[in-house]
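For reference, the chains in residue letters:
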Amino acid sequence: MSSLRVFFVGGYLAYRALFNWLRPTIYIPTMLGGPVFQILFFAYIGRFAGLRNDEFFVVGNAVQASALAGIFGMAMTIGGERWTQTLSPLLATPANRIALFLGRALPLVVNGVFVSAFGFAVGWALLDFDLSAGELPGIALVVLVSSFACTALGLMTGAVGLRARDVFFLANLVTLLLLLFCGANVPLDSLPGWMQTVAKGLPLTHGIQAARELADGALFSDVSGLVATEAAIGACYAAAAYFLFRFFEADGRRRATLETI
Amino acid sequence: MKRILRLLYRGWLFHLKSLTLSGFFIIVSVISPVIFASIAYLMFRAGARPGSLLFVAIGAGMMGIWSATLFGSGGAIQWQRWQGTLEYCIAAPPAFIWVILPLTMATATIGLYSLTSTLVWGWLFFDVPFELAHPAWFIIALPAAVLALGLLGLVLASTFVLYRNANALSNLLEYPVWLVTGLLTGLALLPGWTRPISWVLAPTWGVKALREAALGGDPAFPVAMSLALGIAYLVIGHYCLLYFEKLARERATLAIA
Numbered sequence: 097m098s099s100l101r102v103f104f105v106g107g108y109l110a111y112r113a114l115f116n117w118l119r120p121t122i123y124i125p126t127m128l129g130g131p132v133f134q135i136l137f138f139a140y141i142g143r144f145a146g147l148r149n150d151e152f153f154v155v156g157n158a159v160q161a162s163a164l165a166g167i168f169g170m171a172m173t174i175g176g177e178r179w180t181q182t183l184s185p186l187l188a189t190p191a192n193r194i195a196l197f198l199g200r201a202l203p204l205v206v207n208g209v210f211v212s213a214f215g216f217a218v219g220w221a222l223l224d225f226d227l228s229a230g231e232l233p234g235i236a237l238v239v240l241v242s243s244f245a246c247t248a249l250g251l252m253t254g255a256v257g258l259r260a261r262d263v264f265f266l267a268n269l270v271t272l273l274l275l276l277f278c279g280a281n282v283p284l285d286s287l288p289g290w291m292q293t294v295a296k297g298l299p300l301t302h303g304i305q306a307a308r309e310l311a312d313g314a315l316f317s318d319v320s321g322l323v324a325t326e327a328a329i330g331a332c333y334a335a336a337a338y339f340l341f342r343f344f345e346a347d348g349r350r351r352a353t354l355e356t357i
Numbered sequence: 013m014k015r016i017l018r019l020l021y022r023g024w025l026f027h028l029k030s031l032t033l034s035g036f037f038i039i040v041s042v043i044s045p046v047i048f049a050s051i052a053y054l055m056f057r058a059g060a061r062p063g064s065l066l067f068v069a070i071g072a073g074m075m076g077i078w079s080a081t082l083f084g085s086g087g088a089i090q091w092q093r094w095q096g097t098l099e100y101c102i103a104a105p106p107a108f109i110w111v112i113l114p115l116t117m118a119t120a121t122i123g124l125y126s127l128t129s130t131l132v133w134g135w136l137f138f139d140v141p142f143e144l145a146h147p148a149w150f151i152i153a154l155p156a157a158v159l160a161l162g163l164l165g166l167v168l169a170s171t172f173v174l175y176r177n178a179n180a181l182s183n184l185l186e187y188p189v190w191l192v193t194g195l196l197t198g199l200a201l202l203p204g205w206t207r208p209i210s211w212v213l214a215p216t217w218g219v220k221a222l223r224e225a226a227l228g229g230d231p232a233f234p235v236a237m238s239l240a241l242g243i244a245y246l247v248i249g250h251y252c253l254l255y256f257e258k259l260a261r262e263r264a265t266l267a268i269a
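Residue numbers (our numbering), protein chains in the order written: chain A, 97 to 357; chain B, 13 to 269.
Only true hints are included.
Okay, the calculated bits of chain A under chain B, using three or more residues with CB under 8 Å as the criterion:
no., segment
1, 125 to 137
2, 144 to 154
3, 274 to 283
Using C-beta positions, here's what the derived DEER-type ranges look like:
no., chain 1, residue 1, chain 2, residue 2, range
4, B, Lys14, A, Ala113, 51 to 59 Å
5, B, Pro106, A, Arg193, 49 to 57 Å
6, B, Ile248, A, Arg342, 49 to 57 Å
7, B, Trp110, A, Arg112, 37 to 45 Å
8, B, Tyr175, A, Arg342, 35 to 43 Å
9, B, Lys14, A, Ala352, 50 to 58 Å
10, A, Phe339, B, Lys258, 53 to 61 Å
11, A, Leu202, B, Thr97, 37 to 45 Å
FYI, nobody ran anything at the bench for these hints, they're computed from the structure.
Beta carbons are placed, not taken as given, at the ideal position from N, Cα and C, and that holds for glycine.
Hey, can you work out the whole structure from these sequences and the hints?
In structure tokens:
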């Protein structure tokens with residue numbers, strides 16, 4: 097019961113307190129405006145380069161937009177504890193660490209889905225892109241799984257933030273590398289071989305591929321393997337993040353560096 | 013005059029060194045342009061449009077100059093507030109514009125790292141040839157573009173300060189300006205109503221000047237436009253700063269972050 101409270105209430109409170117972009121004056125330009133212009137920017141480059149149609153870029157970038165909340169959000173809600181000097185009291189509590197950790201991810205997964213849905217809606221309104229009603233549930237599920245996988249990568253970034261001096265540097269770097277590797281704008285088969293190999297181990301790659309196939313009219317059963325792979329990648333990052341978190345917690349106690357900024 | 017020039021030079025050098033040590037600006041001015049350049053190189057390679065990758069390299073470099081100016085200058089006054097140095101900057105004997113201008117110029121100058129990194133990156137990994145059609149014009153166009161963006165930074169610094177969350181505004185304006193100024197796309201592809209917006213933005217003329225100097229064409233007009241826009245930005249920035257200073261003194265909000 098206590099773990100459930102930590103998961104839901106603790107996660108909600110951490111989101112309210114530490115997700116610095118929650119105010120509308122920051123949330124709207126950063127979380128909604130930025131991704132929308134990102135979609136337009138790449139769609140126009142795609143047109144100019146004669147690469148693919150608008151659908152390719154709307155789907156790729158709208159799914160990729162879920163990464164923003166997951167990665168920066170976790171950097172804020174985990175790594176941010178150091179900045180607010182609340183890390184030591186937090187780690188002194190007997191709270192279940194998995195509940196504590198994953199509870200912070202849940203609001204960000206939901207946030208990622210919302211941002212992604214907004215990206216799809218704007219892409220539909222402004223570009224040459226359309227989805228039938230029957231395609232929506234499948235794409236919604238893919239976005240949910242992709243958002244979870246990105247948030248899991250964000251958990252790892254946040255866990256590193258328990259040690260790293262500048263967690264936002266890392267969050268920026270991870271987001272940019274995802275944009276390059278995950279096939280949001282460059283077809284995977286156009287990437288060099290080593291990049292394709294790296295991409296297969298990253299969140300989003302399989303999610304974007306599944307969403308594109310669904311948007312092209314495939315059945316959900318056709319892409320279930322891709323969705324399962326995306327979920328498995330997310331689970332692996334979440335597990336790695338948990339172990340990193342415990343390691344840095346133990347190491348921080350040993351070295352008395354928990355509050356070093 | 014000599015004092016003002018010394019202040020500008022020393023301030024520019026100080027901020028240039030300071031920004032070079034910032035992890036955030038390393039991301040904005042080196043890592044991010046290289047990643048965007050890589051995406052663009054791969055997109056153009058895979059696409060159906062034959063074109064020079066040097067076109068892409070210059071565009072991606074200019075993207076970095078804009079980002080550095082946007083994030084650096086947009087938050088310039090707010091940073092002084094957070095650091096508690098804004099009152100000193102305003103109370104100092106020289107006019108505030110001479111104190112803040114070196115900072116906005118330094119943010120644009122740091123963007124030169126972007127152009128250098130995208131050109132070197134492209135040359136090393138994507139076989140982008142670095143052969144300039146008009147090398148002398150390129151040498152003229154580069155500082156003209158940086159100067160115009162630095163002065164645009166002055167306008168950003170003096171207007172963004174009225175918005176409490178300048179960083180969020182910067183986050184919003186990065187992609188749209190990349191788009192409407194045609195840094196990686198042809199302006200002709202964009203809706204007609206975006207054209208006048210692109211004309212009043214320095215990156216449009218900066219990138220045009222650099223491209224015409226590098227790939228062939230007549231860079232004289234875009235260079236002249238960069239300089240003319242720079243003068244206009246200086247005048248606008250000057251009046252906006254006076255307005256900000258007056259408002260902040262009247263409301264006693266100078267130190268309120």
